[in-house]
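Peer 1: Sequence:
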Amino acid sequence: MKPTSIAIVVPVYNREKELVRTFASIVAQTYRPLHVVLVDNGSTDGSLALCRELKSRYESDDFEVTVAQEVKRGPSAARNKGLSCVREEFVAFLDSDDTYVPEAMALYMQAFDREVSPDIVGCTIRVWPESGRPHVARAVFSNRVEPHLFHSTLGTVRYAVRTALVRSVGGWHEDYMRWEDWELGLRLLLATDRVVWIERPPLVNVYLHADSITGYRYAPNSDDILRAIVHAHDDVERSSFPNKRRLHRLLLYKQMVVAGLCHRERSPRGAEIYHLTLDQTRDDRTLRWFLPLVYRYVSWGGRGSAILATCLLH
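Residue numbers (this note's numbering): 1 to 314.
In short, the hints are calculated from the structure, not lab data.
Keep in mind that a hint or two might mislead.
Label pairs and their computed distance ranges (CB to CB) [said to hold, decoys possible]:
1. R21 - S84: 22 to 32 angstroms
2. G302 - E272: 34 to 44 angstroms
3. S131 - R264: 14 to 24 angstroms
4. P147 - L276: 18 to 28 angstroms
5. S60 - D284: 52 to 62 angstroms
6. D61 - L276: 48 to 58 angstroms
7. R57 - P201: 23 to 33 angstroms
Derived DSSO-like pairs: lysine-lysine, alpha-carbon spacing no greater than 30 angstroms straight-line [said to hold, decoys possible]:
8. K72 - K17
9. K17 - K55
10. K55 - K72
Note that the structure is a prediction, hence the values are computed from the model and not measured.
Yeah, the Cβ is synthetic: ideal placement off N, Cα and C, and Gly gets one too.
Sequences and hints are given; from them, build the entire structure.
Peer 2: Right, here's the structure in full:
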């Protein structure tokens with residue numbers, strides 16, 4: 001029987017230097033066949049030419065390379081364009097400045113090949129900061145929605161998934177550029193609980209730098225974050241989740257944590273989001289007295305807010 005192929009979608013924007021390392025990690029995969037979809041997102045450097053050069057140099061019978069272009073700016077638009085090029089049953093998404101360990105795809109496909117095949121296979125990642133030592137990022141190995149709200153268990157590069165599932169939930173939202181993976185992860189977990197985890201080894205190396213897709217701060221990205229939370233409320237309401245009120249309350253809690261983080265960054269957005277969140281609590285007496293405490297706790301540098309939410313907002 002012919003082995004099952006898996007696709008890897010990589011959005012590319014001005015990554016001429018980093019893409020060589022990223023693509024080399026895909027070429028080094030011990031699993032074949034693979035289909036790599038490189039989506040140039042309007043680069044102004046030599047990224048598009050490099051994508052075409054990599055296709056010419058490395059494409060083979062068991063290593064297909066598709067080079068696509070997306071004029072709408074943003075990684076979500078580029079990922080959706082890449083998703084439209086995927087014919088394979090399974091797909092993973094990799095940022096153009098990150099890398100896979102050589103056995104990543106083999107371990108994903110081994111997990112998908114179980115007798116009761118999952119819809120999503122998640123992994124841990126190793127983070128390489130600009131300064132300091134690399135570390136394995138905290139991961140919560142869960143198939144439930146609630147942990148994802150606070151820990152983003154299905155971040156962009158943390159999983160492979162059935163292509164049909166991503167398409168069925170609508171793909172990536174394209175009207176904001178932060179927390180779009182968090183919101184998509186919510187939709188995926190509202191649609192399925194068939195998730196398995198590869199706890200060790202970490203399968204992806206994530207390199208943090210000033211130009212990385214993942215942002216460092218909350219206040220400059222607060223508009224996008226609020227849009228993602230609004231969409232999350234809509235996702236919950238459209239779902240068949242049995243306790244929608246609990247998820248709505250947890251989302252308001254999450255929003256107040258963001259307010260506190262913005263305040264900690266000395267941004268006036270903190271107070272604005274604080275008042276917006278209180279207005280949205282309406283007649284929920286528990287939230288109206290509890291969320292101001294959360295705001296102060298986070299503003300002062302308190303940690304572990306997710307534990308408080310899980311314990312108190314039943």
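Peer 1: All the hints need checking, so say for each whether the structure fits it.
Peer 2: Right, here's what the structure says about each hint:
Remark: the range hint 22 to 32 angstroms for R21 to S84 is upheld by a beta-carbon distance near 26 angstroms. At about 21 angstroms, the CB distance of G302 to E272 disagrees with the hint of 34 to 44 angstroms. Separated by about 21 angstroms at the C-beta atoms, S131 and R264 satisfy the suggested range of 14 to 24 angstroms. For the pair P147 and L276, the beta carbons lie near 25 angstroms from each other, so the given range of 18 to 28 angstroms is met.
As the Cβ distance of S60 to D284 is approximately 59 angstroms, the hint placing it in 52 to 62 angstroms holds. A hinted range of 48 to 58 angstroms holds for the C-beta pair D61 and L276, which are about 56 angstroms apart. Separation of R57 from P201 is about 29 angstroms and conforms to the stated range, judged on CB atoms against 23 to 33 angstroms. About 22 angstroms separates the Cα atoms of K72 and K17, which keeps this hinted pair within 30 angstroms; it holds.
Pair hint K17 plus K55 holds up; C-alpha atoms about 16 angstroms apart against a cutoff of 30 angstroms. With a C-alpha separation of about 23 angstroms, the suggested pairing of K55 with K72 holds against the 30 angstroms cut-off.
Hint 2 from the earlier list is the only one contradicted by this structure; the remaining hints agree with it.
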